[in-house]
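Novice: Following the hints, put chain B in place on chain A, whose structure we already have.
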Amino acid sequence: MIDQFPVIIVLSPMFGALLVGLFGARNHSVCFPVAIGALTISLIGAVVTAKRVFTTGPVDYFLGGWDAGKIVEGVEIPLGFGIQLRVDHLNALLLVVIAIAVLLVSIFAIRRQSEQDTEKTHYFYALFLMLSTGLFGMTITADAFNLFVLVEVSSLTSYGLIAMGSSPRGTHAAFNYVIMGTVGASFYLLGVGYLYMKTGTLNMIAIHDILHMNNEVGNAIFDSRSITVAFILILIGMWIKMAFFPLHGWLPNAYSYCPSSTSCVLAPLMTKVSVYVMIRMMVTVFGLDWVFQHFDWSNVVVWLAVIAILAGSAFALAQNQLKKMLCYLIVAEVGYMVGGAWVADSGRWGLTGSLYHILADALMTLCLFLTAGILTRRAGVKNLTDLDGMFKKMPLTMTGFIVGALGMIGVPPTCGFFSKFYLIRGGIDSGHWEFVVALLISSLVNAVLFFRIFEIAFFGKKPAEGHGHHHDEDDTAADAIVPTEPGLRSLAPLWITAALIVALGLMNGSVVEFIRQTPGLILESPVKAN
Amino acid sequence: MREFIENFVQPHFNYWAYVIIMMIGLWALIAKRNLIKKLIGMSIFQTAIILFYVSLGVKDGATIPIAPHHVAGDHADAHDSEHAESHDDHKAHPKPVADDYSNPLPHVLMLTAIVVGVATLGVALAVSQSLFKDFGTLEEDEILEQIKSGDYYD
Numbered sequence: 001m002i003d004q005f006p007v008i009i010v011l012s013p014m015f016g017a018l019l020v021g022l023f024g025a026r027n028h029s030v031c032f033p034v035a036i037g038a039l040t041i042s043l044i045g046a047v048v049t050a051k052r053v054f055t056t057g058p059v060d061y062f063l064g065g066w067d068a069g070k071i072v073e074g075v076e077i078p079l080g081f082g083i084q085l086r087v088d089h090l091n092a093l094l095l096v097v098i099a100i101a102v103l104l105v106s107i108f109a110i111r112r113q114s115e116q117d118t119e120k121t122h123y124f125y126a127l128f129l130m131l132s133t134g135l136f137g138m139t140i141t142a143d144a145f146n147l148f149v150l151v152e153v154s155s156l157t158s159y160g161l162i163a164m165g166s167s168p169r170g171t172h173a174a175f176n177y178v179i180m181g182t183v184g185a186s187f188y189l190l191g192v193g194y195l196y197m198k199t200g201t202l203n204m205i206a207i208h209d210i211l212h213m214n215n216e217v218g219n220a221i222f223d224s225r226s227i228t229v230a231f232i233l234i235l236i237g238m239w240i241k242m243a244f245f246p247l248h249g250w251l252p253n254a255y256s257y258c259p260s261s262t263s264c265v266l267a268p269l270m271t272k273v274s275v276y277v278m279i280r281m282m283v284t285v286f287g288l289d290w291v292f293q294h295f296d297w298s299n300v301v302v303w304l305a306v307i308a309i310l311a312g313s314a315f316a317l318a319q320n321q322l323k324k325m326l327c328y329l330i331v332a333e334v335g336y337m338v339g340g341a342w343v344a345d346s347g348r349w350g351l352t353g354s355l356y357h358i359l360a361d362a363l364m365t366l367c368l369f370l371t372a373g374i375l376t377r378r379a380g381v382k383n384l385t386d387l388d389g390m391f392k393k394m395p396l397t398m399t400g401f402i403v404g405a406l407g408m409i410g411v412p413p414t415c416g417f418f419s420k421f422y423l424i425r426g427g428i429d430s431g432h433w434e435f436v437v438a439l440l441i442s443s444l445v446n447a448v449l450f451f452r453i454f455e456i457a458f459f460g461k462k463p464a465e466g467h468g469h470h471h472d473e474d475d476t477a478a479d480a481i482v483p484t485e486p487g488l489r490s491l492a493p494l495w496i497t498a499a500l501i502v503a504l505g506l507m508n509g510s511v512v513e514f515i516r517q518t519p520g521l522i523l524e525s526p527v528k529a530n
Numbered sequence: 001m002r003e004f005i006e007n008f009v010q011p012h013f014n015y016w017a018y019v020i021i022m023m024i025g026l027w028a029l030i031a032k033r034n035l036i037k038k039l040i041g042m043s044i045f046q047t048a049i050i051l052f053y054v055s056l057g058v059k060d061g062a063t064i065p066i067a068p069h070h071v072a073g074d075h076a077d078a079h080d081s082e083h084a085e086s087h088d089d090h091k092a093h094p095k096p097v098a099d100d101y102s103n104p105l106p107h108v109l110m111l112t113a114i115v116v117g118v119a120t121l122g123v124a125l126a127v128s129q130s131l132f133k134d135f136g137t138l139e140e141d142e143i144l145e146q147i148k149s150g151d152y153y154d
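Quick note, the sequences are listed as chains A and B, same order.
Residue 244 in the working numbering is what sits at position 244 of the first sequence, and the numbering runs on without skipping anything.
Residue 119 in the working numbering is what sits at position 119 of the second sequence, and the numbering runs on without skipping anything.
Do not rely on the hints blindly, as some may be mistaken.
With a straight-line cut-off of 20 Å between C-alpha atoms, the simulated DMTMM-like cross-links for lysine to aspartate or glutamate are [stated by the list, open to error]:
#, chain 1, residue 1, chain 2, residue 2
1, B, K37, B, D141
2, B, K32, B, D141
3, A, K393, A, E455
4, B, K32, B, D100
5, A, K198, B, D60
6, B, K95, A, E73
7, B, K133, A, E455
8, A, K120, B, D134
9, B, K59, B, D100
10, A, K51, A, E513
11, A, K198, A, D223
12, A, K382, A, E485
13, A, K51, A, D3
14, A, K198, B, D99
15, A, K198, A, D209
Partial selection, computed: residues in chain B whose CB lies under 7 Å from chain A [what the hints assert, rightly or not]:
#, residue
16, I21
17, F52
18, V116
19, A119
These are calculated hints, taken from the structure and not from any lab test.
Every residue, glycine too, gets a C-beta built ideally from N, C-alpha and C.
Chain A extracted, bound-state conformation (with noise of 0.2 Å):
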């Protein structure tokens, strides 16, 4: 049973799709712990499979018993004949905070569904069960094609539960995502082609085992430019995929028109795996001697990453709106975690940090997006100034928000200030400074953003005049909607997540030396720092 568990991740949500779709339709109060209990049992399998890797390293799965070097009526398997699953240091945390965040929206938007029209409800529960099975395949999975799929699965989802809203802009944010998704899968198609043609195969590890085979053939694929226009490719399809800065178009619109328990899920998790994706693809697949010294392109990617940063904190400054602020703030910290897997540095520290920081963004995105759904919900907050006198009225939601808030500018106890840390040793060691820079200059940006939030939740609108004591008297002006606090199933997702980011930060001792074990990423003989 505890070898199944890496496929069951993956196929415990689909079958619950499946279920849910069968018969949510008839019975609506069916799709609820259908959706709880297969994202659970994929957090339980997350879990004892991260436990598995912690005391005996990577784990390996074949799907449909082609186990690589099984031997079948005396033929050995090669490596790359059945899909394989593989769990290691890499993705293992990942995919519990993968679990833990799906279960927790999947908690959170009970009320909401059952709020808006029930017509509609198990239609969300089948996308959003495929999605989770797209993001746990995405990051699982040990084939480049297979990875293809798995990117189409979880995009085509999102597509669908974007559109799904009420609103028209949602469903022209949806329209323009489905074209640049599917440019970016096509360019990552078109990378794999060039990988396969060379190599042979489509198995990750086989492809890096073929890539610096030491004989002449295997020097000679090393060398060939076919797998420089293979990593090429795959990378701007990811870079798509994940809102790299000029790519980023169509995610502002698409997370902030579209209903909150679907925003909450797509902008912590999406742009996560696809960065994660990136980070298998050098280490696993192409090697990061391959990248950092035969095709050192690190400087570029890194100004790249520093122009993103800023572009991303600048945005996110001239925002009224709290979803959009907080959506340009996602494309800042995609230029973190571009920036440090690419800074170079030979004790691989922007490298750890980034993947470190992968797990941070998203229990502190989520924490926001989970915040800003409430507010949306319950108070009608929808611009910065909508949140007038917010910590009087609702002092519970706005303690969660202020973790969230604290973790995205970095200070100590949470994990936001770790992986900042982390990111900047890589760009000191490397001697990417302006990479420093950009993380400094970020940071005070949202410092400046967060405390003007603040400022106008704590004072309101005009310090001069209020003190906190005359806001009663002001909100009649204000919405319709009387600010009052959500139910426990909106508020406990939230303190978890809080409790979560503030635990990941304290714990990030051993959480950083856990992930330092992949296979790959410190090399044996470490290169000569610079």
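Specialist: Using the frame of chain A, we list chain B on its own:
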């Protein structure tokens, strides 16, 4: 020019073909303002990649990857032909050689990619139908104008 064509275009004509088709699709995606025309461009773009994969499996002088009856023994299935050299129990008949058959794997992969493409097109058409209901038009410019005019702030 003639030298360029002989040395660079002719031996790689499949790549030239797919790149040209792909660029036609990309141009339609970017330049066309009608949503349905954009979707047609998207399909052309995806089809170009399918053509690229299909051309990967081709070998000079090879035939379709179905093993003739006398070599298709107990173990040598059609998809096994590449690795059929390892089967030693067919000494009576000539062993199938991988070079004689085109590579079926890219073709199989493209079956999946075609399904994915159809699904994407289906979702995109559904979204554009919903856009037509909301805005009453499929022209991108008119939709953007309506959004800018402020009717759809939410």
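Novice: Broken hints, numbered, in rising order?
Specialist: 4, 7 and 16
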